[in-house]
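Chemist: Heads up: the protein sequence lines correspond to chains A and B, in order. Residue numbers for the first sequence follow my numbering, beginning at 1 and rising by one. Residue numbers for the second sequence follow my numbering, beginning at 329 and rising by one.
Hints were generated in silico from the structure; no laboratory data involved. It is possible that part of the hints are untrue.
As the list claims (entries may be wrong) - Per label pair, the in silico range of CB-to-CB distance: (1) A/A16 to B/S331: 41 to 49 Å; (2) A/K322 to B/I350: 44 to 52 Å; (3) A/K112 to B/R486: 39 to 47 Å; (4) A/D134 to B/A458: 24 to 32 Å; (5) B/A425 to A/E320: 27 to 35 Å; (6) A/G198 to B/K368: 50 to 58 Å; (7) A/K159 to B/I350: 35 to 43 Å; (8) A/T11 to B/E343: 26 to 34 Å; (9) B/R486 to A/V157: 32 to 40 Å; (10) A/D309 to B/A425: 29 to 37 Å; (11) B/A425 to A/V138: 58 to 66 Å; (12) A/P197 to B/P371: 54 to 62 Å.
As the list claims (entries may be wrong) - Below, a list of computed lysine-lysine pairs in the PhoX-like style, where the Cα atoms sit at most 25 Å apart: (13) A/K279 to B/K355; (14) B/K418 to B/K379; (15) B/K433 to A/K298; (16) A/K201 to B/K439; (17) A/K159 to B/K379; (18) B/K493 to A/K322.
Glycine included, each C-beta is placed from N, C-alpha and C at the ideal position.
What follows is the residue order along each chain.
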Amino acid sequence: MSTATQVDTTTQARAALGYQIHSIGQFNFQRDEYFAHIKYPGGSHIIPIDNFLRSLMRDVAWGFFYGTVNFDTVFGTINHYGTVDMFIGLLNEAYRTSNQHYVETFDSKDLKRVFEGMLDDWTNEGFDPFAAPDETGVPFGRKHGNNKRAITRERMVAKRMTGLPGDLPLRSDAAGQPINRQFTDVPQDAPEVHAEPGFEKEVHAFNAFAYVSRSDVTWNPSVLSCVDDSQFCATTEEHILPITHGNDRVEWFIQATDEIIWDIEDGKTGRPRAKVVMKAGDVAAMPADIRHRGYSPKRSILIVWENNDGSLPKRYSSGELKPYPVEF
Amino acid sequence: MSSPQTYFGSLKHYEKGGVTIINDDPKNYAFSNIFEVAAKSKPYEKVAVGKNLKYVIEAVRAEGDSPWYETAHDEAVLVMDGELEVHYVKPDAPQAAAGKQGAIKLAGEPKGKKMGWVKIRRGHEALLPAGSAYQFRAKGDPGVMLIQTILGDLTIERWADICQK
Ligand SMILES: [Fe+2]
């Protein structure tokens, strides 16, 4: 007996693993035991599931972050703060020159909803996409359970300074925030604070390194202190930054402990431009026209210093501002 | 199994990384080291090690008593090495006009209400609140602070001296 209907056995086999297919616009996402498959008009792109989920986790938690979140050299998102471009090959020189790229623009809230649903569905019990690989299970295999607790953590943002009355609370054992296994030697002493009555909301200090040593996420900047739009975002880094971050403004790194090695590529083409090795006390700018991926051999404390001024992406992309921060 | 060792830099002992160029200009990265800058600074010189349009971060060598400063906006200080005190006064007659960017230096301790003080060590961050005057007091070995603020009259920019070229 023959049939005229073509059966997509690959899709059927994937469906039997228990994962849903997630779609938005012309994009269609499927997962199997080891990979995410992204179908778009013109083709299909494949990304290892561990890196896909780690990247998706950051893109969701950061609300698409500042500028571009490259999951790999082909697929990613560009934040336009209200809308988001999702793309294949847009920032890949070979895709662009052969006109193989594909882009669609979505309302941020629509894409966020689809990404959150996919992250929840595709993250199995025992796998924490925010954790370093050495402190979590694996994401592979058939669908089994979920890890809602791990994937609904949000970026912590202090309004003025962490620990001030009415602002972000400090972390503690009692609150279920133990010192990370790689930071057991980070001093936990509290500063002496002697505020006169009435000045408790102004005379304030806290142990920032101790606070950060109790972070249970990697590569996830959270705001410690603000001076208007100037934000000190502290983060603990271990293993590899899963995404390659493409800047739409200048950001700065202050390496507070240990060491991170950064690969720097051109933001538009992906061509290598530099390597930056940062040790404790080093400070470096990430220009507005590059993308960067970090490698942290030991868990380290990095302060990412951001300028949250919403007018900046346009001022850099129009050429009004130079992509580098200082001239000398 | 040995326990992990977290490496902090200090004024006495720091290691510096750097930029290796493939196809770029190292100046684009304005690469410097806070401890190296402080090691070559006079006490309480406010040397910019980062600048993002009007915002700066300043590396400051904390040694002895600083002048009194006043600020019209919040600033923050992160101790990178050593130990120091910050003493705060709410001035009766503020010198920094509303909207004034960066800290200003005062002739001495201003008249006003004592707000209190903090003692902070490496890793501690303190608020330098808008509308206050403050003084740093480092009694022991020189320390190093990183100040998050806005470019002001006291900010020193010596990029060519501190950055990798
Ligand atoms: Fe970044």
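Chemist: A separate judgement is required for each hint: does it hold in the structure or not?
Modeler: Hint check:
Against the hinted window of 41 to 49 Å, the Cβ-Cβ separation of A/A16 and B/S331 comes to about 46 Å, which satisfies the hint. At roughly 21 Å, the beta carbons of A/K322 and B/I350 sit outside the given window of 44 to 52 Å. At about 44 Å, the beta-carbon gap between A/K112 and B/R486 stays in the expected band of 39 to 47 Å. Separation of A/D134 from B/A458 is about 43 Å and departs from the stated range, judged on CB atoms against 24 to 32 Å.
Distance hint check: the CB atoms of B/A425 and A/E320 are about 29 Å apart, consistent with the given range 27 to 35 Å. Evaluation of the 50 to 58 Å hint for A/G198 and B/K368 yields a failure: the beta carbon distance comes to about 41 Å. For the pair A/K159 and B/I350, the beta carbons lie near 40 Å from each other, so the given range of 35 to 43 Å is met. The given range of 26 to 34 Å is broken by A/T11 and B/E343, whose C-beta atoms sit roughly 53 Å from each other.
For the pair B/R486 and A/V157, the beta carbons lie near 33 Å from each other, so the given range of 32 to 40 Å is met. The hinted window of 29 to 37 Å between A/D309 and B/A425 is violated, with their beta carbons roughly 23 Å apart. With their beta carbons about 59 Å apart, B/A425 and A/V138 fall inside the hinted range of 58 to 66 Å. Separated by about 33 Å at the C-beta atoms, A/P197 and B/P371 break the suggested range of 54 to 62 Å.
Between A/K279 and B/K355 the CA atoms are separated by roughly 18 Å; this keeps the pair inside 25 Å, and the hint holds. Of the supplied pair hints, the one linking B/K418 and B/K379 is violated, its CA atoms being roughly 29 Å apart against a limit of 25 Å. For the suggested pair B/K433 and A/K298, the alpha carbons sit about 41 Å apart, so the restraint of at most 25 Å is broken. Restraint check for A/K201 and B/K439: the C-alpha separation of about 21 Å stays at or below 25 Å, so the hint holds.
In summary, the hint linking A/K159 to B/K379 is supported, as the alpha carbons are separated by about 21 Å, within the 25 Å threshold. With a C-alpha separation of about 18 Å, the suggested pair B/K493 and A/K322 falls inside the 25 Å cut-off, and the hint holds.
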